[in-house]
Each structure stands twice: as structure tokens, then as C-alpha cells.
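Given the coordinates of chain A, work out where chain B should sit on it, guided by the hints.
Keeping their order, the protein sequence lines are chains A and B.
Okay, so the first sequence: first residue is 1 according to this note's numbering, each after it adds one.
Okay, so the second sequence: first residue is 1 according to this note's numbering, each after it adds one.
Read the hints as simulated data drawn from the structure, not as lab findings.
The model shown is predicted, which means the values in this text are computed figures rather than measured ones.
Beta carbons are placed, not taken as given, at the ideal position from N, Cα and C, and that holds for glycine.
Warning: the hint list may mix true and false statements.
To be verified - Listed below are several chain A residues computed to face chain B (Cβ distance under 7 Å; list not exhaustive): (1) R31; (2) N40; (3) R48.
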Amino acid sequence: MKDIKTHKLSRKRLPKVIIVRTSEKEIRLVRVSKKEIEANRPSAYQYRF
Amino acid sequence: MFDTSFKFIHLGNFESNDSNIEKIIKFRFKTHKNNTYIVDVEKYKENVYIIKYYLKNHSLSENKYSLRTNENIAHKIFGTCLEIAQYLLEKDKKASFGYIGVNDITESKVNTKRYRIYKKISESFFNPDNFVHYQNDKNSLYLILNKYNKNINEEYIIKAISENFDVIL
Numbered sequence: 001m002k003d004i005k006t007h008k009l010s011r012k013r014l015p016k017v018i019i020v021r022t023s024e025k026e027i028r029l030v031r032v033s034k035k036e037i038e039a040n041r042p043s044a045y046q047y048r049f
Numbered sequence: 001m002f003d004t005s006f007k008f009i010h011l012g013n014f015e016s017n018d019s020n021i022e023k024i025i026k027f028r029f030k031t032h033k034n035n036t037y038i039v040d041v042e043k044y045k046e047n048v049y050i051i052k053y054y055l056k057n058h059s060l061s062e063n064k065y066s067l068r069t070n071e072n073i074a075h076k077i078f079g080t081c082l083e084i085a086q087y088l089l090e091k092d093k094k095a096s097f098g099y100i101g102v103n104d105i106t107e108s109k110v111n112t113k114r115y116r117i118y119k120k121i122s123e124s125f126f127n128p129d130n131f132v133h134y135q136n137d138k139n140s141l142y143l144i145l146n147k148y149n150k151n152i153n154e155e156y157i158i159k160a161i162s163e164n165f166d167v168i169l
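Chain A extracted, bound-state conformation:
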């Protein structure tokens, strides 16, 4: 009997910080964690999207 190998679905790694540098600018975008979002949003609202 052949071994059954489990394959993880390829999942894109989500960077915590994205730093974009151009010749004049440096922009740093920080990922907002799910925990942070849940803590900030009013609990009365339902997600729409």
C-alpha cells in the first residue's frame, strides 16, 4: 500500500510589514492583525464583505 502523503495547500505568506522604497520615498505599511480588528470594531456590526 502506498503511503498517503498530505500536502499543505499552498498559502501565500502575509508580510507583517511592507516597506516600499522609491528614490524619494519610503512607505511602511503595517498589517492589522485579526485580533486588533476584532478589538477595534463595534460588536453590533456584521461583516459585509
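The following block gives chain B in isolation, referenced to the frame of chain A:
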């Protein structure tokens, strides 16, 4: 609070002089005071949509995004923008969104009042299971990237957007 909206009309798709922008999708809606607002949705590559709106009467002003209308209907305008986002998502399942909360004329560009409100709305309505949220308080820039779109190049998108805005170093 943001569940009410104005009925909007899709005016059509227009070309942009900017090579980063694939097209500009124009909408308009009228308020109860019969003021017309224009919503310009800039479609960047990789299905990123930047939503901008202004009062039609301000369209020739350099500060059209900064000017206040004092109609006290902001919640309904935000509700309309959410409806437009829904419309776009129905047409394009890979749609991601972004915005810059433009400063008032007397306000600095850092963590603006508009940005704080838009951020709250984004956190309230865009499920983090479906969208990745990125923020930059310094430039009042927020990106909501669709997890369904696996090929998205965040760096390219941010570069393209920042070229169109007066971004702080």
C-alpha cells in the same frame, strides 16, 4: 449606522493618463438636498480599486477631496461607497480596495480625521478572514487586500498609489 445609502448611477469607464491606472470607473449620486457627488474609482493593476469622491460643484478645485460640504450626511455617503464596493466585488471577485484619508485644509496629513473614520468602517465591514488589512498612519493610507487574489504584488500596488498622492517621507 452605515446601512443607508443614496441610489448611485454608473456613468461609465474612462481611460486615465496615468499608466498605472487601467481605467477610471465613474459613479454619481444625488443627496436629499439635490447636491451631486461624483465617485471616481481608479482601477489599478492586480484588481486594486481606489475609491475617491467629491462634490460635483467642487470638481474644478484643487482641494476637491479636502473641502467640507457641511451637509451632515457623511454616514450615508460612506454607506453609498460601501454599496459601490459591493457592486465592484460582484463584478470582480478578486477586487481589493484602498484609500487615503485626505486631510482638511488646516489639518496635517498624519492620521487624519477622515482616515480614522474610514479605518473604523473598514475594520467594521471587511472580514479579516477574507481581506488582509494594511495601514500607514503617517500617510493616512489604508489597503484592504482580497485574499482571493493570490498573485497580488503589494509593493507594486503601494508604489503605484503613492505616485498619485503627495506622500510624506
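Hints, verified against the model:
no. : hint : verdict
1   : R31  : holds, 6 Å
2   : N40  : holds, 5 Å
3   : R48  : holds, 4 Å
In the structure shown, no violation is registered for any of the earlier numbered hints.
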